[in-house]
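For chain S, the structure is supplied; the task is to place chain V on it using the hints.
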Amino acid sequence: MLAAVVLLALSVAGLARSVAPGPTADPTQAVATGLRCPACQGESVADSSSPIAVSMRQVITDQLAEGRSPEEIRRWFVQRYGEEVLAQPPLRGASLLLWVVPAVVLLGVGTAALRTLRPRRRPVRWRRGAVDAAPTGGRGHRTWWLAAGGLVALVSAVAISAGQLARPLADAPAADPATVAVQLAHDLEGQQRYAAAAEMYREALRERPDDGVRLRLAFALLRAGDAAEAERTAREVLDRVPDSPDGLLVAGLAQRLTRPEEAPATLRRFLSVAPSHPAGPEVSRLLGS
Amino acid sequence: MLGDLGTTSLTAGLVSAVLAALLWLRVALLGAAARPARLASAATLLAAAAACALLEAALLGHDFSVRFVAENGGRHVPVYYTITSLWSAMDGSLLLWLLILCGYGALLARRRTPDRLRAYAMVVVSVATTLFFALSAFAADPFQAVHPVPLDGPGPNPLLQQHPAMGVHPPLLYAGYLGMVVPFALALAAPLAGPAGRDWVRAARPWALIAWATLTAGIAVGAWWSYAVLGWGGYWAWDPVENASLLPWLTATAFLHTSMGGGRSRDRWNTVLACAGFLLVLLGTFLTRSGAVASVHAFTESPLGPLLLGFVLLAVLAATVLTGRNRPAPGPGRAPLLSRRTAVLVNAVLLVTVAAAVLIGTVLPLLTEPLTGTRASVGPGYYERTAVPLAVVLLLLAGVTPALWVRDRAAALRRLALPGLAALATVAAVGLLSRPGPAALTAFGAAAFVLTGLLAEVAARRRRPGRAWAAILAHAGLALVAVGVAGSSAYGQADERTVRVGETLRVADVSVRLVSVHRGIDEGRMVVRATTQLSGTGTTRTATPTLRYDPARDTAVTVPAISSGPHRDAYLTLIAVAADGSSATLRLAVNPLVGLIWAGGALITVGGLAALAVSARSGRPRRPDPVDRRVPAGVAA
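Residue numbers (the numbering used here), protein chains in the order written: chain S, 1189 to 1477; chain V, -15 to 621.
In short, the hints are calculated from the structure, not lab data. Be aware that one or more of the hints could be misleading.
Here chain V is said to cover these stretches of chain S; the calculated rule only asks that three of the stretch's residues, wherever they fall, bring their Cβ under 8 Å from a Cβ of chain V [said to hold, decoys possible]:
(1) 1288 to 1295
(2) 1326 to 1336
(3) 1372 to 1383
Using N, Cα and C, we set each Cβ at its ideal position, and we do this for glycine too.
So that you can see chain S by itself, here it is in the shape it has in the complex:
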């Protein structure tokens, strides 16, 4: 008995020790744990290895070094990304359902369990008739025919609604050869046949001299391994639109292969022109490494 009391006291002490906050670990990590990585599913910024989480951790470290408090940093992130970025957004509106629904279910199911375990004595009336006896003769046949009709109607409903819901076919006018060529080139890229895709983009350019297509040509050339030609094509765009983010991106990536000493400048310019470009984090990583 005494042993049990001592054990109880010791385990309460152990529990109390683990509830009390421990020595603070890495402050960056502490803030990052409270933020969700916007690019991943259900991972915190502290756990994720995606480029955006890496750069968010860097931001936290930088701001901590500037002397900001964790709460200020959190508010800064909320201003930029909205409350979505918090691992535990404040409960309000629909989010209250998160707690209300399980609570209601617990109450409801718990009451039902009590009813089952402590039944009130009362005569149970047994219903006789339709349920117990097998429908026979005409009634059974009628039910069967009804069910058969229902099943056929159900299958037809699926067939018809599937037709209605089917992906709308691309009803673009097939007459525009440039559109077709771009589409074909895109498919070829999907099959990793970049040289052929570049050829197809050139075809499209002949029909429609468009900078968007030219930039795709440059990307395809880059992937096909023709960095020099890719940079030249990107330059054509940059001559007209000096701040074209994609142009700067291709030019910079191509320069990494042709003239590595010029690449960082171009890529930095790309980052300053389009800081929120999807390729941004990757490029900053390239520049950083």
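For chain V alone, coordinates are given in the frame of chain S:
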């Protein structure tokens, strides 16, 4: 050619499923001969098998004129992953789904003289089969012809080509999901089948056990796959698809407990839980296969969403209409607090509450998006504050089980004394020596409570076989999983740093030295490999974490290098490398006790199978009531 045959087999399957439903209804309603209905069910299974075989043949033969092969096949894909690519995308996985569904149907129909309960149940199964065949034939035909025929395809998602578990995880999961259809069908059939329906729970239990055991194995293999492939170091992310597999598991677990011993006094509980299992499977399929929620696993946007939602609503309607008038038998009076009847229902209440929390957490983003325009986020933090504490209480409840196997109240309480002391000692020792956090500490205590009780029980009944063994195995597995989860989350350590070649990164007692960095192109994929020396507790081995970039799918895959020890794993991932190959960013994590999670999952599965063996040996389903014994024409002929 293969494509035409495939479309034909889908049509044949649809027709024979409709026929099967109608013929089974004749058996149930009019007492017609069962033979034609059984033949129709067999034909449905044959059609599903043919469709799967044809699509596999098209995949293996690189027949890119078939849409599914053009979208998911590839000449560079190894044979094993070509076979598994059948279930790597929506339309093909629907065929596997159909094959398993028809397999369950054929098994349920195997008796020569089915009673009315099984005949009605077969109607329900056949209608479900019809709906899914219609879905495949009209909305997701993988055999559509492609013009012009491409020369090669992109191959399946690179994430699905990394780990051999891909070959077992989806089939096991589907076997678990679709097994739920039989208890659902029997619950719906019970009120229609008259006297034969009184004993539906006994008929449903073996099916629920099969479904539950395979689903458990599927979830465990899925967690292992996620740990070994996704490279983020964890095994469970409360991702919508993971939640969708957990939901039916929770209600099925509750059903396995309420249905013990026939469960007559809990008939309504059994009905609701058996229906909930399959309804949650359908709902999960809708959530994850329609593009409604974003997830790592979800397939892309498809027109199937509204149709699947229609199926869910139809099933809810059918379940409500058919079982709503089911009147439970009178209960046997008040139940004492420490009794199996109480424990089983408390268990069900807790499991259903966990399911409610997980469900609302999964669907809330869907519900709020149309209202507020923004996607409410539900992160792991929510589940850690709702589902996890309830799970710890459930574990404590599992520890009470040995006390329920004796009739005498005092003896029952005595049985809990030793486990209770063990739990307190564990909490005291662990809590004073380390800081695992309150949730993990309670989990350790609860696990000690369960395991000590079970060990005492094993010692007591060493040579006596019996029903209790299944519960002992499953509960012990549950405790092991709890220790693994709590241990790895409380004591896991990780560090991420950029190291130059020759430098060392150290975490706890594990150190890793970067030897070299290698970049290359492998079958059209960019591959970056870091060769490292991984040393821990006396041993040194080479570990090569890898980064793969697949331009065809624009996906990067991080392949971790895992070194599993008896009590901890060293988990090394390559985050990035310098362009000149002089340095690499590595993340080294030491995950203690992770192995217990897989071992526990296996033990729970074995427990389910043991319960199945016990119920197959001792509880042969009762003979049909004389009212239902008709002379089947098929046998007489």
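These are the hints, each one checked on the structure:
Residues of the segment 1288 to 1295 of chain S lying with their CB closer than 8 Å to a CB of chain V number 4, which satisfies the three-residue condition for coverage. Only residues whose C-beta sits within less than 8 Å of a C-beta in chain V count toward coverage, and the segment 1326 to 1336 of chain S has 6 of them, enough to reach three; the restraint holds. Counting residues of the segment 1372 to 1383 of chain S whose beta-carbon sits less than 8 Å from any beta-carbon of chain V gives 4, enough to reach three: the coverage restraint holds.
Going down the numbered hints, you'll see the structure goes against none, and every one checks out.
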